[in-house]
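A.B. asks: These protein sequence lines are chains A and B, in that order.
In terms of UniProt numbering, the first sequence has 124 at position 124, counting the first letter as 1, and numbering is strictly consecutive.
In terms of UniProt numbering, the second sequence has 128 at position 128, counting the first letter as 1, and numbering is strictly consecutive.
Honestly, the hints are just simulated from the structure, not real lab data.
Careful: at least some of the hints might be erroneous.
[Claimed, not checked] In silico negatives: residues of chain B with every beta carbon more than 10 Å from chain A: (1) LEU6; (2) THR9; (3) LYS33; (4) GLY47; (5) GLY59; (6) ASN97; (7) VAL115; (8) ASP124; (9) HIS204; (10) ASN228.
[What the hints assert, rightly or not] One side only, chain B facing chain A, incomplete, derived with CB under 10 Å: (11) ARG55; (12) ARG86; (13) THR87; (14) PHE93; (15) LEU98; (16) HIS101; (17) MET102; (18) PRO112; (19) ARG113; (20) ALA160; (21) MET163; (22) LEU169; (23) PHE234; (24) LYS248; (25) ILE249; (26) GLU251.
Just so it is clear, the structure is predicted and the values come from calculations on it, not from any experiment.
Note that CB positions come from ideal geometry on N, CA and C, so glycine has one too.
Read off the chains here:
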Amino acid sequence: MPAEKKLKFKLIDIVLLTLITAALVYIVYRIKVTIRYDWSWEIIPKYLFRFDKGKSRFVASTITLGFTMTIKLSIWGIILGTIIGLIMGILRVQSGLFARFAGRAYVELIRNIPPIVLVFIFYFFFSSQLLDHLGIEDAITTAGPGLKRFISIIFIEPKLLNEFFSAALSIALYEGAYITEIVRSGIESIPKGQWEAAHAIGLSRFSQFRHIILPQALKNVLPPLSGQFISTIKDSAIVSVISVPELSFQGMQVMASTYATFETWIVITLLYFMLTFSCSVIFGKLLRKMQTAD
Amino acid sequence: MHNKTLGETIIAVDSVSKTFDRNVKALQGVSLKVKQKEVVVIIGPSGSGKSTLLRCLNGLEETDSGAIVIDDTPLNEHHRNKLKIRTEVGMVFQNFNLFPHMTVRENIRTGPRFVRKASLEEADRTTEDLLARVGLTDKIESYPRQLSGGQQQRVAIARALAMNPLIMLFDEPTSALDPEMVGEVLEVMKNLAIEGMTMVVVTHEIGFAREVGDRIIFMDEGKIVEENSVENFFANPEKERTKLFLSKILENGGCE
Ligand SMILES: Nc1ncnc2c1ncn2[C@@H]1O[C@H](COP(=O)(O)OP(=O)(O)OP(=O)(O)O)[C@@H](O)[C@H]1O
Ligand SMILES: [Mg+2]
Numbered sequence: 001m002p003a004e005k006k007l008k009f010k011l012i013d014i015v016l017l018t019l020i021t022a023a024l025v026y027i028v029y030r031i032k033v034t035i036r037y038d039w040s041w042e043i044i045p046k047y048l049f050r051f052d053k054g055k056s057r058f059v060a061s062t063i064t065l066g067f068t069m070t071i072k073l074s075i076w077g078i079i080l081g082t083i084i085g086l087i088m089g090i091l092r093v094q095s096g097l098f099a100r101f102a103g104r105a106y107v108e109l110i111r112n113i114p115p116i117v118l119v120f121i122f123y124f125f126f127s128s129q130l131l132d133h134l135g136i137e138d139a140i141t142t143a144g145p146g147l148k149r150f151i152s153i154i155f156i157e158p159k160l161l162n163e164f165f166s167a168a169l170s171i172a173l174y175e176g177a178y179i180t181e182i183v184r185s186g187i188e189s190i191p192k193g194q195w196e197a198a199h200a201i202g203l204s205r206f207s208q209f210r211h212i213i214l215p216q217a218l219k220n221v222l223p224p225l226s227g228q229f230i231s232t233i234k235d236s237a238i239v240s241v242i243s244v245p246e247l248s249f250q251g252m253q254v255m256a257s258t259y260a261t262f263e264t265w266i267v268i269t270l271l272y273f274m275l276t277f278s279c280s281v282i283f284g285k286l287l288r289k290m291q292t293a294d
Numbered sequence: 001m002h003n004k005t006l007g008e009t010i011i012a013v014d015s016v017s018k019t020f021d022r023n024v025k026a027l028q029g030v031s032l033k034v035k036q037k038e039v040v041v042i043i044g045p046s047g048s049g050k051s052t053l054l055r056c057l058n059g060l061e062e063t064d065s066g067a068i069v070i071d072d073t074p075l076n077e078h079h080r081n082k083l084k085i086r087t088e089v090g091m092v093f094q095n096f097n098l099f100p101h102m103t104v105r106e107n108i109r110t111g112p113r114f115v116r117k118a119s120l121e122e123a124d125r126t127t128e129d130l131l132a133r134v135g136l137t138d139k140i141e142s143y144p145r146q147l148s149g150g151q152q153q154r155v156a157i158a159r160a161l162a163m164n165p166l167i168m169l170f171d172e173p174t175s176a177l178d179p180e181m182v183g184e185v186l187e188v189m190k191n192l193a194i195e196g197m198t199m200v201v202v203t204h205e206i207g208f209a210r211e212v213g214d215r216i217i218f219m220d221e222g223k224i225v226e227e228n229s230v231e232n233f234f235a236n237p238e239k240e241r242t243k244l245f246l247s248k249i250l251e252n253g254g255c256e
């Protein structure tokens, strides 16, 4: 451990603090005096939880439902994106010409179109065509209540399944491209000598990869990978454009029906922040634990 | 080792050439025969093709032309042959190249486990025997980074031996080591030679070459310049270039 620099309160801190305070005062002033914003925080709680008379208990309401939807989307996006990224990242370092090209083409394609376009393409061209043809929708409508409930818990209510799949898949494809590059650079960071030593003890190409290279590469990529996971949570907001009721979309709904613009977005901001920040704290702890473990 | 009987030819290299990047001629028509139990020491200036020759012998590098036959198996396109040769030829590298994510035990048993398909108990037994042989029994659960350079190289030797190879290749096994650790590694190699292992060793350790080597090969510019018995090589070398090289390394105290 290098000796830690002692932190002191310096001139730059005073300047920064003054600037930030001034900016805050100005914003509050503008809202209060110039646009005479009428704060009405009291309407927010019922969009978080509402009392269900039928069940005679509190149930999640608009914003909370959006919050859990964002979590579900992120989890599916991360799982699928990691699978895609792992496969494509491995393809990227193969000596086979086509394998390498396929990996490269995928990454370049995704990175060079705006994510919002990707979401639309997926929704209109692939999903609406593909899912219909696979007959998933029909299967769901005839499904029993147990299955329907299960689907609602791990995905979404059956009638929005199309939107959910398009959303999760486009998030996965988008994040997958970045994860591909993370995996590739992780593999390429392993010194050539490791391949050679593995070759010299007779391991097959697959075993060299599986037992020697991949474990080291994956350990190296955990920090950037966890950063990408956190990005996924933020990036998931983009699927609001296809009306998946995730946090941002629900925010827009609440804003439209209450006109409580500031209150709504402050709440939404805090919820996103809570989610990403707690994830980065958890990932940070896990990483440190893994590093000290060996 | 001058009082052992050598066996049949086990390595036969016939006019092998290898060119890198179109014009770097690393090997130019190298021919060489090594007998069972023989210890051949290769020396030569930097860039003369010593490593390339070793790497061709276990298929780490493909040759452009010429033939290599190891234990009657030609090293050619056939995947089966390549694999057989890789498992019969062990290699020890200058930089050890231990697997940093594995303990010493796992480093050594990986080959037997995944190539020989040995059971865990069997592989562990081999590992323990080999560690005793290189004098590192107490380090079995250590990670490579917890070991000194000399210890790491001894583990690397044990790892190669775990595949029960017919031939061991050493590419400057002591040149990355601090001087005080050179001895322990050479000692292990010497014992291996005494037990009758066929060895091809690239080294500038003159003492080792004199004591353990059966034959010395001097390479320069991708060719074998001189091939001689140990006594003659140092006492009265045949070629001018050999003399020049020897005078240089002897005045530097045996190291490049
Ligand atoms: N992978 C490679 N790509 C391009 N050129 C190479 C490669 N490996 C070796 N060479 C070149 O081939 C020649 C022989 O290299 P080699 O490593 O066999 O020499 P060496 O005798 O082992 O030298 P040293 O004593 O420095 O280890 C050198 O000119 C080297 O630059
Ligand atoms: Mg070399």
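A.B. asks: Could you run down the list of hints and mark each one as holding or not?
C.D. replies: Results of checking the hints against the structure:
no.	hint	verdict
1	LEU6	25 Å, holds
2	THR9	22 Å, holds
3	LYS33	22 Å, holds
4	GLY47	18 Å, holds
5	GLY59	8 Å, violated
6	ASN97	4 Å, violated
7	VAL115	4 Å, violated
8	ASP124	16 Å, holds
9	HIS204	21 Å, holds
10	ASN228	29 Å, holds
11	ARG55	8 Å, holds
12	ARG86	5 Å, holds
13	THR87	4 Å, holds
14	PHE93	6 Å, holds
15	LEU98	7 Å, holds
16	HIS101	5 Å, holds
17	MET102	8 Å, holds
18	PRO112	9 Å, holds
19	ARG113	9 Å, holds
20	ALA160	7 Å, holds
21	MET163	6 Å, holds
22	LEU169	8 Å, holds
23	PHE234	31 Å, violated
24	LYS248	28 Å, violated
25	ILE249	26 Å, violated
26	GLU251	32 Å, violated
Figure legend: structure checked against the earlier numbered hints; hints not met, in rising order: 5, 6, 7, 23, 24, 25, 26.
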